[in-house]
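Number of protein chains: 2
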Amino acid sequence: MLSLTIQAREGWARRGVLRVRGHEIDTPAFMPVGTQATVKSLTPAEVRETGAQIILNNAYHLYLRPGVELVERCGGLHRFQAWDGGILTDSGGYQIFSLSSLHKVAEEGLTFRSHIDGSEHFMSPEKAIEVQGRLGADIIMSFDQPIPWGATRPQTVEATERTHRWAARGRAAWNPETGQALFGIVQGGFEEDPRKLSAAELSALDFPGYAIGGLSVGEPKEVMWAMLDAVTPLLPEEKPRYLMGVGLPTDIVRAVLLGVDMFDCVLPTRMGRNGSAFTWAGRINLRNAQYEADTGPLDPRCPCAVCRTFSRAYLRHLLKAGEILALRSLTYHNLTLYQQVMAKIRENIEGGTYVEWAAGFLHTYRE
Amino acid sequence: MLSLTIQAREGWARRGVLRVRGHEIDTPAFMPVGTQATVKSLTPAEVRETGAQIILNNAYHLYLRPGVELVERCGGLHRFQAWDGGILTDSGGYQIFSLSSLHKVAEEGLTFRSHIDGSEHFMSPEKAIEVQGRLGADIIMSFDQPIPWGATRPQTVEATERTHRWAARGRAAWNPETGQALFGIVQGGFEEDPRKLSAAELSALDFPGYAIGGLSVGEPKEVMWAMLDAVTPLLPEEKPRYLMGVGLPTDIVRAVLLGVDMFDCVLPTRMGRNGSAFTWAGRINLRNAQYEADTGPLDPRCPCAVCRTFSRAYLRHLLKAGEILALRSLTYHNLTLYQQVMAKIRENIEGGTYVEWAAGFLHTYRE
Chain A
601 MLSLTIQARE GWARRGVLRV RGHEIDTPAF MPVGTQATVK SLTPAEVRET
651 GAQIILNNAY HLYLRPGVEL VERCGGLHRF QAWDGGILTD SGGYQIFSLS
701 SLHKVAEEGL TFRSHIDGSE HFMSPEKAIE VQGRLGADII MSFDQPIPWG
751 ATRPQTVEAT ERTHRWAARG RAAWNPETGQ ALFGIVQGGF EEDPRKLSAA
801 ELSALDFPGY AIGGLSVGEP KEVMWAMLDA VTPLLPEEKP RYLMGVGLPT
851 DIVRAVLLGV DMFDCVLPTR MGRNGSAFTW AGRINLRNAQ YEADTGPLDP
901 RCPCAVCRTF SRAYLRHLLK AGEILALRSL TYHNLTLYQQ VMAKIRENIE
951 GGTYVEWAAG FLHTYRE
Chain B
601 MLSLTIQARE GWARRGVLRV RGHEIDTPAF MPVGTQATVK SLTPAEVRET
651 GAQIILNNAY HLYLRPGVEL VERCGGLHRF QAWDGGILTD SGGYQIFSLS
701 SLHKVAEEGL TFRSHIDGSE HFMSPEKAIE VQGRLGADII MSFDQPIPWG
751 ATRPQTVEAT ERTHRWAARG RAAWNPETGQ ALFGIVQGGF EEDPRKLSAA
801 ELSALDFPGY AIGGLSVGEP KEVMWAMLDA VTPLLPEEKP RYLMGVGLPT
851 DIVRAVLLGV DMFDCVLPTR MGRNGSAFTW AGRINLRNAQ YEADTGPLDP
901 RCPCAVCRTF SRAYLRHLLK AGEILALRSL TYHNLTLYQQ VMAKIRENIE
951 GGTYVEWAAG FLHTYRE
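Chain order of the listed sequences is A and B.
Positions in the first sequence are counted from 1; adding 600 to them yields this note's numbering.
Positions in the second sequence are counted from 1; adding 600 to them yields this note's numbering.
Be aware that one or more of the hints could be misleading.
Each pair may be met inside one copy or between any two copies, as identical chains are not told apart.
[Unchecked claim] Computed list of lysine-lysine pairs in DSBU-like fashion (alpha-carbon distance at most 35 Å, straight line):
1. K704 x K944
2. K796 x K920
3. K920 x K704
4. K727 x K944
5. K920 x K727
6. K727 x K704
7. K796 x K944
Honestly, the hints are just simulated from the structure, not real lab data.
As the structure is a prediction and not an experimental result, all values here were calculated from the model.
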């Protein structure tokens, strides 16, 4: 079963160790996104080298391709993708709403068409648990109904209440004896009342961990911070808190101040593939002409193999020439830098210097 | 200066060691193609792991992007791409004819438009030597005029004679004191007489090495073998012979029987990116449904990291999902397999068993 040992606190920030099915994960933790059972462009050995201890896979994508049965036949997600660290699967609700053409939203579940081949499928809270269970992740997520920025209050309340009923159904369908830990997902839109209600109702269901979902979907940053601020104090103190899909390094540093333990985000990988490199001084766009003849590394303080081997000038050439090595290199470096930020966060919470360090980081780091 | 020490012979096949500017290259050698100063999708460390001791870069591409000056400012091709093995640059004649829109063929040289931005450029035999010299390759190639399959006899003779005059001009422009070795390129089209004439005329110019160009451009395989058979006996025995742009493993095994020492080809990398894996039993297309649930490695005898880590089923999934890791993995495996074939070739020439081994390989290997 999942456990979170909190080793140090500073304000609301916590430094801990999450244990699940033999995996030990230092928190606050950043989980690279491996949507289709691969962190895009990297080998599992490289993902490990960046410092990652747990990755995120996406149940919606894997359910559609290659399918649950094939992953099972190949020994589950760990063996299939040759990753011996932790795996969390997202349940797929968000992707059904954002990627597939939705056929029907009903109390029973969602009927939708595959974004790959248009085939029709049905997903329910129970089936989401079954799919994730069979895929073999270590941490699995409740099936929820996301709420778009701009939803009306009645829409928000309706979707949030359905998410609660679905959470209860999923929890009942979950078999804790597998060792897989099920997280509930707090929704509630962009106002305090439904958010707080959602946190309270889900807490009452006693999940091994809690995700905060439906943020960073287009709302202003201050709305996101207000929602997070409203919700985290209501979540059980001894259980992990996972802020879904967030974010930039400064977002992570801020969210840790509010008591978040786990993060995932496509930005370091996706922006890397677009030519952006994260550095300790902020983000740079390597396509910019100023790096044309820059023989220095992406970041002078970064110990990664890319920074030890390649110049900005060479990486820029690769990028302009459309070469895969550019995408790999920027992805690897960005994930390394993210993990170095996480290590600094943990180190400073341990030392009781986090608030001070975070202030300095937020002051000097340029998004 | 370049030297070739021939350590063993069997028939016309030779096993040797090529030394150039501190690099030692076991021959027969296969050179992976790194057109734009990167063997597509791989790091230089991985290229080394596959067993490669020398790679090919393309002077035409690098002259256009990132440009000679930038490569020089970054310390030359070796430092620029962080590759400490040998580098051979192709002069660019072939690419000017095949990729750019050609403006004018004149005795002085070629006026052409960049395939990247349409800008106009001029390349002469002297400039090709200068460009390659400044790029800093270890082995550089004469500037030649390729002859398409289907050319008339007068076209063939005209282009071949120009190639000879250009070879002499390039040789005069070359500074041997750089340690860079200049190879002449035998042309002569697809008939014996002009081919033999070309071999004889170029031999008289006393280059450090000889390339056989203009083959594998669409002509029937038997024409290629006839041309190679006609040419190799005329080339200086003690100098390396490089068959440009060839080929499949069976082509290489056959060409070694005719006395060829060096090869380059895009097939293992390009076909890898298209989903083909080379194995000891032949080539397989991983997109084929028969590999859908195949939990075995690409090749059970291959020691590469891909075969030790990933199943065919997983690689097929990555390929179908359009994931970069599939392209990397197939490229890495294919180049490893090619280098293993080269090692077997050398081992069998040393042991005096090459003809027998080659017969067995050509019998069992399925293209």
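Now the hints, each set against the structure:
1. K704 x K944: This pair counts as neither: shortest intra-copy Cα distance 46 Å, inter-copy 61 Å.
2. K796 x K920: neither (48 Å within a copy, 43 Å between copies)
3. K920 x K704: This pair counts as between: shortest inter-copy Cα distance 28 Å, intra-copy 44 Å.
4. K727 x K944: neither (39 Å within a copy, 53 Å between copies)
5. K920 x K727: So K920 and K727 pass the 35 Å test across copies only (25 Å; inside, 45 Å).
6. K727 x K704: Close inside one copy (16 Å), not across copies (67 Å); limit 35 Å.
7. K796 x K944: This pair counts as within: shortest intra-copy Cα distance 31 Å, inter-copy 69 Å.
Going through the hint list in order, the structure does not satisfy hints 1, 2 and 4.
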